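Q: Once you have looked at the hints, place chains B and C on chain A.
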Amino acid sequence: MDTSLLVIQTLNGLQLGLLLFLVASGLTLVFGILDFVNLAHASLYMLGAFICASLTYAVGNFFLAVLIALPVTALLGWGVERFIARPLYSRDHLDHVLATFGLILVFDTAAHLIWGPEGIAVPLPQAFRGQLELSETLVIPTYRLVIIAAGLAAAGGLYWMVTHTRLGMLIRAGASNRRMVAALGINIELLFGLVFALGAALAGLAGMLIAPITEASIGMGNQVIITAFVVIIVGGIGSMKGAFIAALLIGLIDTLGRSFLDDIFKLFMSPDAAENSAPALSAMLIYIIMACVLALKPQGLFPPKVR
Amino acid sequence: MSPRTLATLVAMALLAVLPPVFYYTGNAFWLDLATRLTILAIAATSLNLILGYGGLVSFGHAAYVGLGAYAVGIPAYHWLYGGLEHLGLATTSGLVQIPLAMATCALFALVTGAICLRTRGVYFIMITMAFAQMVYYAIVSIEEYGGDDGLVIDTRSELPGLNLDDPIQLFGLAYVSLVAAMLIVRMITRSRFGMVLRGAKGNAERVQMMGLNTYAYRLTAYVISGAMAGYAGALLGNFTTFISPEMMDWTRSGELMFMVILGGGGTTGGPMLGAAAFIILEELLSHFTIYWHLPFGLLLIAVVLFTRGGLMGFFRGRK
Amino acid sequence: MKKLFTAAAIAGLTATGASAESVKIGFVTTLTTPAAVIGKDMENAVNLAVEHLGGKAGPLDIEVIFGDDQFGPEAGKQATDKLVKQDDVDFVAGYIWSHVLLASRKSVLDAGKILISANAGPSQMAGKLCDPNFFSTSWQNDQTPMAMGEVLNKQGVKSLYLMAPNYAAGKDMTAGVERTFTGEIVGKDLTKWGADAQLDFSAELAKAKASGADGLFVFYPGAAAGAFVKQYQQAGLKDELPLYSVFTIDGISLPKLQQAGFSDVLGSKVTQEWDPSLDNAANQKFVSDFKEKFGTYPSFYAAQSYDAIMLIASAVEAVDGNLEDKDALRAAVKAADFESVRGSFKFGTNNMPVQNFYLREVVEDADGNWTTQVAETVYTDHVDSFAAECSME
Chain A
1 MDTSLLVIQT LNGLQLGLLL FLVASGLTLV FGILDFVNLA HASLYMLGAF ICASLTYAVG
61 NFFLAVLIAL PVTALLGWGV ERFIARPLYS RDHLDHVLAT FGLILVFDTA AHLIWGPEGI
121 AVPLPQAFRG QLELSETLVI PTYRLVIIAA GLAAAGGLYW MVTHTRLGML IRAGASNRRM
181 VAALGINIEL LFGLVFALGA ALAGLAGMLI APITEASIGM GNQVIITAFV VIIVGGIGSM
241 KGAFIAALLI GLIDTLGRSF LDDIFKLFMS PDAAENSAPA LSAMLIYIIM ACVLALKPQG
301 LFPPKVR
Chain B
1 MSPRTLATLV AMALLAVLPP VFYYTGNAFW LDLATRLTIL AIAATSLNLI LGYGGLVSFG
61 HAAYVGLGAY AVGIPAYHWL YGGLEHLGLA TTSGLVQIPL AMATCALFAL VTGAICLRTR
121 GVYFIMITMA FAQMVYYAIV SIEEYGGDDG LVIDTRSELP GLNLDDPIQL FGLAYVSLVA
181 AMLIVRMITR SRFGMVLRGA KGNAERVQMM GLNTYAYRLT AYVISGAMAG YAGALLGNFT
241 TFISPEMMDW TRSGELMFMV ILGGGGTTGG PMLGAAAFII LEELLSHFTI YWHLPFGLLL
301 IAVVLFTRGG LMGFFRGRK
Chain C
1 MKKLFTAAAI AGLTATGASA ESVKIGFVTT LTTPAAVIGK DMENAVNLAV EHLGGKAGPL
61 DIEVIFGDDQ FGPEAGKQAT DKLVKQDDVD FVAGYIWSHV LLASRKSVLD AGKILISANA
121 GPSQMAGKLC DPNFFSTSWQ NDQTPMAMGE VLNKQGVKSL YLMAPNYAAG KDMTAGVERT
181 FTGEIVGKDL TKWGADAQLD FSAELAKAKA SGADGLFVFY PGAAAGAFVK QYQQAGLKDE
241 LPLYSVFTID GISLPKLQQA GFSDVLGSKV TQEWDPSLDN AANQKFVSDF KEKFGTYPSF
301 YAAQSYDAIM LIASAVEAVD GNLEDKDALR AAVKAADFES VRGSFKFGTN NMPVQNFYLR
361 EVVEDADGNW TTQVAETVYT DHVDSFAAEC SME
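Protein chains in written order, with the working numbering: chain A, 1 to 307; chain B, 1 to 319; chain C, 1 to 393.
In isolation and in its complexed conformation, chain A is listed as follows:
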């Protein structure tokens, strides 16, 4: 097998995995601490992308736009918590799924009304449009490396926050025992709002990072939400570590599957059949993994210790 292609595809897989982690980390936080199933989480991924795209044209610089768009997305997340999620905490998961399913429809249509159907292309600063030549055969778009760096930085920041700050301590405590945190006399409403806003900002960041590659478009969240759910289920709900490992695992499997599965299939079937069945199997692969994990460990790979 071609080594440099393998390296490039691994980097591509890493990039996808890190973006997935940004979406999944917020989801697993909200899920683990608030016990709230938020299907509309990825709508914030879409809204982040759109807001950032508009701002890029307004302020003239993509990175500046990201800095402004992050708090805006966080604010939107806080709004969702305050008006939709909070009244539903006492209900069962079914109600959460349905209400946030409705919210997806609302956000998608609102985006269509505000920004039109065509989506927005996001221009990058000149320096990030080119490629980085790691060796003669190893050339990778600079911006993909930016995504990897930003994803790792966000993951590192999140790790630091969870392990070293008071908010992080509460989050850890909340993930393993909600009642205990409430009993400590913490302003639980404030904590929940903060967690939701943080999750929204992380999902928004993922959307902003991907926008210069694809573009901000309606329904882009629906592509990612199901995969993000698979990630947190495989990782174990509420577990940051689990989400991180599962996201990278699934990002790599998906990318490597798309890259090499057809070649592998060609070894034992006709090229045409291989071209057709490989994409489907690589799409199916992540669900097969999830089913296998749940069949063996019904709580996921890294279930939080106490519940």
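Hints are computed from structural coordinates only; laboratory data are not their basis.
For clarity, every value in this text was computed on a predicted model and none was experimentally measured.
Misleading hints may appear alongside valid ones.
Said to hold, decoys possible - Okay, the calculated bits of chain A under chain C, using three or more residues with CB under 8 Å as the criterion:
no.: 1; region: 217 to 228
no.: 2; region: 270 to 282
As the list claims (entries may be wrong) - Selected chain A positions facing chain C (in silico; Cβ < 7 Å):
no.: 3; residue: 131
no.: 4; residue: 133
no.: 5; residue: 143
No residue lacks a Cβ here, since even glycine has one placed at the ideal position from N, Cα and C.
A: Chains B and C only, in chain A's frame:
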């Protein structure tokens, strides 16, 4: 008669009378709408058995509808273009297609249910969805049956004494099937079996302490529900004469769940009312604007936030 | 619930009883999802055509009812059913997507209505499934990539990597280029399509590059085009792996690419049966009025939709508004006696257009807007490859 029973009977009577009236007054489209509504009501009724009564939130029920539809489409495809004759599966006979649809779905429910039912809560929601996605991608990968594009079949199932190409007869079959499905679910849930199923929803430990194996009860209900949804899928395939992997999309599973909740889970007439409200709303709203998803979504949120027990909640009698 | 049902009943009953003074055209396209960007362009062109006709086709008023396929065959079929059964239209036109057209075909033809594709051209409908009541103002899917294959041969491209979405037209497009391209196909990727289409092509582009092919052939219509071209530029493949595309770089993707400054697309070559620079009176009027009214160049989708309405209007005028005589109406459509924006226009035996295909190049116009212009004519009066399979004469 309780207000709920009365509401159900009135709605069923309207559903029996209005569509043929539309048809014979030159509004064939509204009969189509009623047929689709009735078929989806059967699927929703089957979901209600496990979701409404059993508390098992399946987020992959659309897969059974899709599998049922393909069980009609694939034999019809081979009947048109050859292949599979030796298995007797190149046929347009409904007496082969429909049992095939139900058997396939029952088997799929048995295998996946055995795994899914080991999990609880959100894990259950997500693993049922995962299996549905697997079927979705499996079908997409089969080039011969149209892959992503779906399967266009120009023939409907042949049943003795019935001509399903006649829209009125097709509607009649769907309607009778819906009545049967509702009665079956009512019968099951009022039997001893149903008592255990419902009991397990409230408190699985207590039922288990009574020495009953809740797992086996749940799996049985899961299989019955899957087979019934497969039957609905077979009807849907006959109705559209076009079968697409889209039928199994996770959003379709979400819609089925919404129908059950909108109408009122755990009631005989709820899923039917929910399906009717869903389809009619969708039609009316999309008539006015292409942005109909916005009011529709808001309504969905409002239903969840402000109503308890769905539409059936309005007909709550004093007990 | 009861009230709802009665309301629906009244709505249904009052919708019938159309006036005989108008010709009703159902137009199915994508109005929601990101692909609505194409639908919008087609809708604009249809409205412009009606405006140019003064709202009249012969003695009849033109009434256009739009249907939304939501980028999928199931919803597309439902929208078609409603147009045929509820609105009782005389013509059903539109259809961007091959799979939507295939799914909707039976509903229209069974009802004895005339079906006109303004874009989709699946091979089946040009061949085995051809029908006297089905016409196209576009092309058969294979033709445009076949023209591209000829161009590649002429330019000395020896090996090619193919990328397309995994649906009916995507497969037809790759089959088309393989039909005429004489070099070697070194690899092919079919990517996920539909409402949750794959838009990050990093893995595929890396594979294409590693394959060492001389050129990259792609088909990514609508919103996916912008995403693809951007990633192609970000990967810096312009010199190493030149891009040859069909239905990807067009009046819809160019303004967006220009706005975001993706200049690698300038000079890129595409094949097509129409171009805004085609020199005929009908086209000049169409292009300049479209630009004035909507601010951008029309896309080929728009041109084909404009032609579809003009074709219908010419037929209605020819039969003097008598829509009851289906045979005469069908013959009038087949005569295609109208001013097409692509110059002369005629139907082949299978009711697909017999037409020229051009190689066009992306350039900057006098006002600094990016557009295409004709570089050369690849095919003259080209007949699609499936006409022979059609049993009509």
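Q: Are the hints correct? Go through all of them and say.
A: Outcome of the hint check:
no. : hint       : in the structure
1   : 217 to 228 : holds (count 6)
2   : 270 to 282 : holds (count 3)
3   : 131        : 4 Å, holds
4   : 133        : 9 Å, violated
5   : 143        : 6 Å, holds
Hint 4 from the earlier list is the only one contradicted by this structure; the remaining hints agree with it.
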